[in-house]
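*Asks:* These protein sequences, in sequence, are chains S and B.
Here our numbering is used: position 215 in the first sequence is 215, and no number is missing along the way.
Here our numbering is used: position 392 in the second sequence is 392, and no number is missing along the way.
It is worth saying that the hints were derived from the structure and are not from the lab.
Take these hints with a grain of salt, some might be off.
Stated by the list, open to error - Sample of chain S residues lacking proximity to chain B, with all beta carbon distances greater than 12 angstroms (derived):
1) Ile60
2) Thr77
3) Phe133
4) Gln209
As the list claims (entries may be wrong) - Listed next, the in silico PhoX-like pairs over lysine-lysine satisfying Cα-Cα at most 25 angstroms (straight line):
5) B:Lys43 / S:Lys206
6) S:Lys219 / B:Lys86
7) S:Lys18 / B:Lys26
8) B:Lys61 / S:Lys18
9) S:Lys221 / B:Lys568
10) S:Lys86 / B:Lys423
11) S:Lys221 / B:Lys61
12) B:Lys411 / B:Lys26
13) S:Lys2 / S:Lys67
14) S:Lys125 / S:Lys7
15) B:Lys43 / S:Lys18
16) S:Lys18 / B:Lys568
17) S:Lys120 / B:Lys568
18) S:Lys206 / B:Lys61
19) B:Lys189 / B:Lys350
20) B:Lys411 / S:Lys125
21) B:Lys350 / S:Lys221
Claimed, not checked - To spell it out: a stretch of chain B is covered by chain S in this simulated footprint if at least three of its residues, at any positions, have a beta carbon under 8 angstroms from a beta carbon of chain S; those stretches are:
22) 30–44
23) 147–158
24) 172–178
25) 418–424
Quick caveat: nothing in here was measured; it's all calculated off a predicted structure.
All C-beta atoms, glycine included, are put in the ideal place defined by N, C-alpha and C.
Residue-level listing of the chains:
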Amino acid sequence: MKSFFDKNYQTPLWFRKKSDYKSEDPQSRRQFLKSAAGATAIAALPVMPLSAKQQEQSLIQLNKLKKIDPWLTLEATLLHLLPESKSAVSAEVSPGAKSINALAYLYQVVTVQPTEEDEKKFIIKGVGWLNGFAQSQQGKPFVQLSVEQKEVTLRGISNSSAGSNWLSTLLAYIFEAMLAPPAYGGNPDGIGWRWLEHQGGFPLPKAGQRYFELPTRGKAKDQITIREIEPIKSSTRYTNVPLIKRANKA
Amino acid sequence: MNKINYDICIVGSGAGASPVAYTMAKAGAKVLVLEKGPWLTEKEFFKDELAISIHDAYNPKLSDEQHVIEEEYEDEEGNAFWQGEKTSDSGWSWWNGTVVGGSSNFMSGYFHRLKPIDFRLKSEFGAIKGANIVDWPIRYDELEPYYAMVEREVGVSGRVVEHPHQEPRSTDFPYPPVDEVPMSSWIDKAANKIGYHAVPVPRAVLSQPAMGRRSCEYSGYCSSYGCSSGAKGSGRAALLNHAIATGNCTLKPNAKVYKIATDNAGKITGVHYYDAQGRQQSVRAKTYVVACQAVETSRLLLASTGGKFPNGLANNNGQVGKNLLFSAGGTGSGDFIYDQLNEQQVNELKVVGPFVNRALQDWYRIDDKAFTGANAKGQAKGGTIDFLFHQNPIARASGTQWGIDDEGEDKLLWGEELKQSIKQEFTTYKTLRFEVFNDWLPTDDCFVALDDEVTDKWGDPVAKVRIGFHEHDLEVGKYLSVKAEKLLLALGAKNISSSVSSYPSTNLMAGGCRFGNDPKTSVLDKNCQAHEVDNLYVTDGSFMPTGGSVPYTFTIYANAFRVAEHIKQQWLKKA
Numbered sequence: 001m002k003s004f005f006d007k008n009y010q011t012p013l014w015f016r017k018k019s020d021y022k023s024e025d026p027q028s029r030r031q032f033l034k035s036a037a038g039a040t041a042i043a044a045l046p047v048m049p050l051s052a053k054q055q056e057q058s059l060i061q062l063n064k065l066k067k068i069d070p071w072l073t074l075e076a077t078l079l080h081l082l083p084e085s086k087s088a089v090s091a092e093v094s095p096g097a098k099s100i101n102a103l104a105y106l107y108q109v110v111t112v113q114p115t116e117e118d119e120k121k122f123i124i125k126g127v128g129w130l131n132g133f134a135q136s137q138q139g140k141p142f143v144q145l146s147v148e149q150k151e152v153t154l155r156g157i158s159n160s161s162a163g164s165n166w167l168s169t170l171l172a173y174i175f176e177a178m179l180a181p182p183a184y185g186g187n188p189d190g191i192g193w194r195w196l197e198h199q200g201g202f203p204l205p206k207a208g209q210r211y212f213e214l215p216t217r218g219k220a221k222d223q224i225t226i227r228e229i230e231p232i233k234s235s236t237r238y239t240n241v242p243l244i245k246r247a248n249k250a
Numbered sequence: 001m002n003k004i005n006y007d008i009c010i011v012g013s014g015a016g017a018s019p020v021a022y023t024m025a026k027a028g029a030k031v032l033v034l035e036k037g038p039w040l041t042e043k044e045f046f047k048d049e050l051a052i053s054i055h056d057a058y059n060p061k062l063s064d065e066q067h068v069i070e071e072e073y074e075d076e077e078g079n080a081f082w083q084g085e086k087t088s089d090s091g092w093s094w095w096n097g098t099v100v101g102g103s104s105n106f107m108s109g110y111f112h113r114l115k116p117i118d119f120r121l122k123s124e125f126g127a128i129k130g131a132n133i134v135d136w137p138i139r140y141d142e143l144e145p146y147y148a149m150v151e152r153e154v155g156v157s158g159r160v161v162e163h164p165h166q167e168p169r170s171t172d173f174p175y176p177p178v179d180e181v182p183m184s185s186w187i188d189k190a191a192n193k194i195g196y197h198a199v200p201v202p203r204a205v206l207s208q209p210a211m212g213r214r215s216c217e218y219s220g221y222c223s224s225y226g227c228s229s230g231a232k233g234s235g236r237a238a239l240l241n242h243a244i245a246t247g248n249c250t251l252k253p254n255a256k257v258y259k260i261a262t263d264n265a266g267k268i269t270g271v272h273y274y275d276a277q278g279r280q281q282s283v284r285a286k287t288y289v290v291a292c293q294a295v296e297t298s299r300l301l302l303a304s305t306g307g308k309f310p311n312g313l314a315n316n317n318g319q320v321g322k323n324l325l326f327s328a329g330g331t332g333s334g335d336f337i338y339d340q341l342n343e344q345q346v347n348e349l350k351v352v353g354p355f356v357n358r359a360l361q362d363w364y365r366i367d368d369k370a371f372t373g374a375n376a377k378g379q380a381k382g383g384t385i386d387f388l389f390h391q392n393p394i395a396r397a398s399g400t401q402w403g404i405d406d407e408g409e410d411k412l413l414w415g416e417e418l419k420q421s422i423k424q425e426f427t428t429y430k431t432l433r434f435e436v437f438n439d440w441l442p443t444d445d446c447f448v449a450l451d452d453e454v455t456d457k458w459g460d461p462v463a464k465v466r467i468g469f470h471e472h473d474l475e476v477g478k479y480l481s482v483k484a485e486k487l488l489l490a491l492g493a494k495n496i497s498s499s500v501s502s503y504p505s506t507n508l509m510a511g512g513c514r515f516g517n518d519p520k521t522s523v524l525d526k527n528c529q530a531h532e533v534d535n536l537y538v539t540d541g542s543f544m545p546t547g548g549s550v551p552y553t554f555t556i557y558a559n560a561f562r563v564a565e566h567i568k569q570q571w572l573k574k575a
């Protein structure tokens, strides 16, 4: 795939599963997930959480990395999606991507959190596709565009389903950077909660207590040693029958 | 063969398991608890939306452990057939808290008792075509002392009020009600105005420190979150900690039981499990208890085949896994728009921390000839309606990125448009929600079997669950939702809506190993002992032949205390 406009692009299962946690109604979530039938599951790769020191170093590294792509363009995109601004009705400054540490949060999503490899690749590859599109339309990479040109460019890619999915992915991480516990790298001092008059809970996790750092589960032997390979049974499950979901049981 | 080292071995550690461990350890018996998940304490529960809902961190990854869910479809010729889908493909997790204490760590703790009519549903309302309704082999008054015991030992905070559907009680609540938000009194007034009775919800949350546990700290994040103060009455905080303190109870976390082995005479020879490192281990006891939550309990019995039990342990009459139950019903909501309220009302609405704590049970027994689901006498079993606020902010923000463009098409928002959209979502209104709980009628189309292809990470067949429902459940759910919507209207809420669905509530499950007097139609006797195996008991929600119209945890606790008393008496006789 070379651009957001590739005709062969199909929204992958990881995106459907994620984009759907928004739905508060488990039944509508269920209906939505069913429409993903036929897609294959992607196994998550093993994760090696970084130590606290490594994480600190990785954030220092981010300050260098954001001068070059992909982080250079990702930062410019996040800043455009959620600009810092003054409220029209009060003197209050509403926090943007910079104030909520959106780039640092996204960096942790890619380097610290156990995010699926396919998703990480999609985020990174999107930078190339965005710059390709900016170059073809405006003759410059994305970061060099004016605010107006950036707007036109992002609107342009949002008309493709891959582009829309890429922007949705970044927006979902903006929400997490704004509203997740600060230990994950965003929402410093609860700035997002304050802006939205939301009361955060307590106690909050600290580094070392985040969802991927909780005590581990029992392992199966094949997670430790190599397992004997058994012949694969042929499937008896229906796979390609055209289905009409029954609304109700008679 | 291993020596017998324990008086009793309990598989699982949640609401069905912990009362048995507690009762037997206090009586002096040597108890072993085997739990598949890790052992977390108050120190490892946080108000972390990423852990609880977005990444489901207290449950197994679906690629490691999953279910196969069978739904009914029809082909182009109109022929019905059932087809399974792996939950690793659908993303629909059926796990409810795979840690020590199980799902009781994450419950809302609405502790409504069943009512006398729930024990004799068939006698009260008659048969319904297509539903396997039976009366229970025990009456309400046999369980009542154990409801009172749970209120004391697990800790239930509440307040008795007279109302038309109040069940008989031998005692008052041992703890005063938990704090309530100011708007709870709005519900009382509105209910009164339209002739409803708003009932304070008994809650398995301590309103004051007791039994070595702290009081509720009112963080505002309770339902689906683990409790860090110990106030929530999980099996772990309320019972297992005390069981272990006796010195008589050993708890092995990360121990996944895969088979209960039997000899050719049908006698249990041991429980086989994988330890934390995946090594096969086995253990023997004089008495065995299975309480892994309904689906997994049936799965373990079905997987435990032996010479005398070719179809699974205690399953020679083909009853294991059958008549699985969920909670039928639905959800609804209404919005309170700040612009339309005065300052004091808005401030009252914005209070976060205490509980709404109101329920309606006016239609626990429906007496309405106009109701299409009623019997010839115009009666039907109804249910319970509970009110609540949601608090998760990331879930609330999600969706604000969608707007409508000039042509009426969906448009992704960003920049100032997005900021306005988020700000409006969070600061201009508040949504009051309700949940309807009514009976999920037992049918031949709702059961647990073993899948013949899909295995878990240890190589054992996963549970396959067929989730057929009875049309009657939807009729009752809709009837109750309309009643709940009327209360929202009386409250002045806007954008009122509700949705009743045939999909099961996977956090509310029971049945699969019915108790009853006839071995041909039930797995367990009235003491929840297997008809076919002398020293095997099932003490989770699996025993329930019909489910009632309240969340299950309270009744699971009460029944497990009842069965624990029976096991204790048997043990004392032999000792």
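*Asks:* Next step is simple, just say for each hint if it's right about the structure.
*Replies:* To see whether the hints hold, each was checked on the structure:
no.	hint	result
1	Ile60	24 angstroms, holds
2	Thr77	9 angstroms, violated
3	Phe133	16 angstroms, holds
4	Gln209	6 angstroms, violated
5	B:Lys43 / S:Lys206	11 angstroms, holds
6	S:Lys219 / B:Lys86	21 angstroms, holds
7	S:Lys18 / B:Lys26	46 angstroms, violated
8	B:Lys61 / S:Lys18	14 angstroms, holds
9	S:Lys221 / B:Lys568	37 angstroms, violated
10	S:Lys86 / B:Lys423	13 angstroms, holds
11	S:Lys221 / B:Lys61	16 angstroms, holds
12	B:Lys411 / B:Lys26	63 angstroms, violated
13	S:Lys2 / S:Lys67	24 angstroms, holds
14	S:Lys125 / S:Lys7	16 angstroms, holds
15	B:Lys43 / S:Lys18	28 angstroms, violated
16	S:Lys18 / B:Lys568	48 angstroms, violated
17	S:Lys120 / B:Lys568	56 angstroms, violated
18	S:Lys206 / B:Lys61	23 angstroms, holds
19	B:Lys189 / B:Lys350	19 angstroms, holds
20	B:Lys411 / S:Lys125	23 angstroms, holds
21	B:Lys350 / S:Lys221	51 angstroms, violated
22	30–44	holds (count 6)
23	147–158	violated (count 0)
24	172–178	violated (count 0)
25	418–424	holds (count 4)
Checked against the numbered hints above, the structure violates hints 2, 4, 7, 9, 12, 15, 16, 17, 21, 23 and 24; every other hint is satisfied.
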